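Trainee: All chains, full assembly: derive it from the sequences and hints.
Chains S and Y, in that order, are what the protein sequence lines are.
When you line the first sequence up against the numbering used here, it's residues 1 to 112, in that order.
When you line the second sequence up against the numbering used here, it's residues 1 to 115, in that order.
Keep in mind that the hints were calculated from the coordinates and are not lab data.
All figures in this text were calculated on a predicted structure; none of them were measured in a lab.
We treat Cβ as the ideally placed atom computed from N, Cα and C, and that holds for glycine.
There's no promise every hint is true.
Said to hold, decoys possible - Straight line, CA to CA, 27 Å or less: simulated DSSO-like cross-link-like pairs of lysine-lysine:
1) 71/S <-> 57/Y
2) 83/Y <-> 42/S
3) 42/S <-> 57/Y
4) 68/S <-> 103/Y
5) 103/Y <-> 42/Y
6) 103/Y <-> 78/Y
What the hints assert, rightly or not - Non-contacting residues of chain Y with respect to chain S, defined by C-beta distances greater than 12 Å in every case (computed):
7) 11
8) 19
9) 44
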Amino acid sequence: GESVGLHLPTLSVQEGDNSIINCAYSNSASDYFIWYKQESGKGPQFIIDIRSNMDKRQGQRVTVLLNKTVKHLSLQIAATQPGDSAVYFCAENHTGGFKTIFGAGTRLFVKA
Amino acid sequence: EPEVTQTPSHQVTQMGQEVILRCVPISNHLYFYWYRQILGQKVEFLVSFYNNEISEKSEIFDDQFSVERPDGSNFTLKIRSTKLEDSAMYFCASRGGLGRGEKLFFGSGTQLSVL
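Mentor: Shown next, in the form of structure tokens:
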């Protein structure tokens, strides 16, 4: 969903469960997508990225899925831990473009 | 891991005053950015800077804003006459290139409060 002011979409999961955070992007010319994690009081931190010629990429406990047909991106976190609690942002860029554009964030709460 | 550093971490100013936010990007990076984030909202692009000039800017980055790389290490954002709505967290970022896979590294931000 869309975030307005303080009302970020929120996902609450139990520790140990898998989390799925979704994002819709807007620019058909974007060919590079990134997920960032932002902890309270800190700057965004790179988690994982994916190029448009791929539909899936795996990292350590994280997987990003890209569906270009519907311009949808998702971040899957396996075995979610309390330290995963943060706001997660998807971002898009295109090769040679100067700016990275952020989408609306999702706040992830992990219940112990 | 190398990091982007920003000073100060908090800045309080009166409306109408000038502020300068400072950043030291990662040393071998070539592309520099300012973003801002109003409390609880998404991270918004302000400006990108390359080869000593602005390469791209957003609608937010009006005539009240300017950026400068005064020496080989610092990158600054100046707001000439601050408004209440300028209150936000300002993030500096840098990257080594524009190719895919060139990560954007962010500093910890400067929280600007305009009273």
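Trainee: The structure should be examined with respect to each hint, and the outcome stated for every one.
Mentor: Right, here's what the structure says about each hint:
no.	hint	in the structure
1	71/S <-> 57/Y	25 Å, holds
2	83/Y <-> 42/S	24 Å, holds
3	42/S <-> 57/Y	23 Å, holds
4	68/S <-> 103/Y	21 Å, holds
5	103/Y <-> 42/Y	19 Å, holds
6	103/Y <-> 78/Y	25 Å, holds
7	11	15 Å, holds
8	19	19 Å, holds
9	44	7 Å, violated
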